[in-house]
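Q: Be aware that the sequence shown starts at 134, since it is given in the working numbering, and climbs by one per residue.
These are calculated hints, taken from the structure and not from any lab test. Heads up, a few of these hints could be off.
Capping the alpha-carbon separation at 16 Å, the derived lysine to aspartate or glutamate pairs in EDC-like fashion look like this [stated by the list, open to error]: (1) K353 with D373; (2) K353 with E377; (3) K278 with E333; (4) K323 with D262; (5) K323 with E311; (6) K323 with E333; (7) K278 with D262; (8) K353 with E333; (9) K353 with D262.
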Amino acid sequence: MGAPPKEAGHTEAVLRVTRHDGWRELTLNRPDRLNAFNADLHRALAAALDAAADDACRAVLLTGAGRGFCAGQDLGDRANMEGPPDLGAAIEAFYNPLVRRLRALRKPVVCAVNGVAAGAGANIALACDIVLAARSARFIQAFAKIGLVPDSGGTFFLPRLVGDARARALALLGTPVEAETAERWGLIWKAVDDAMLMEEARALAAHLATQPTQGLALMKAALNASPGNTLDAQLDLERDLQREAGRTADYREGVRAFMEKRPARFIGRRA
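Take these sequences, add in the hints, and give me the full structure.
A: Here is the structure:
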């Protein structure tokens, strides 16, 4: 999928962290397990997302190594457990905090889905802000195949993205959705030729890293709140967030650039 560009730093483990100018690329790196989550990968990704809150990082790209994005939970980790497992404890300790981190991060998160995204892996992709997928990629709500309930926000995201009828069928049947169908249904932003996926995803992350980061963070806050708000409450929230956005250096620069008919040079900070 193309050679990665030059990088300023690199960490090799269950998660690869590649630092670029203004943004970071996080690569799930358990390709022999289709990047299925275990406790080590959860901890590494949580630490990387927390580190990405640094002002020097203005966008994040999440992807997977090898032939798939993420197969969800590594069931091999649970094969030798004695007695009935407490799956709710794993969700509370790892998956719910991960989804909350992705949604709350005050900068855009792009997800590049290469190959399969199954179970929690599919829903973690949907928790990101902009999802690109290789045309060969598939999204699978695999929970019904092992008697479980969609988690990692699946029952929240699916009805809002594709409607109740499709959400119910996807959850109850576990039918794979091809990338082009996912784009047509509004499940993701865009399906991309396999060979172009990482080039386009990196270009998108690099672009977002030059944009008014505080304004984008406030957009995320407004969109996150929208499903639970009445129109009146959302109008009030927009007012409050717009007041905050109007006090940023990026707003002042944006107006100056518009008046001077030149490209804006956003710094991405509040002051």
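Q: Next, verify each hint and record whether it holds.
A: Going through the hints against the structure:
no. : hint           : verdict
1   : K353 with D373 : holds (14 Å)
2   : K353 with E377 : holds (14 Å)
3   : K278 with E333 : violated (34 Å)
4   : K323 with D262 : holds (12 Å)
5   : K323 with E311 : holds (12 Å)
6   : K323 with E333 : holds (10 Å)
7   : K278 with D262 : violated (28 Å)
8   : K353 with E333 : violated (22 Å)
9   : K353 with D262 : holds (8 Å)
Hint violations for this structure: numbers 3, 7 and 8, all remaining hints satisfied.
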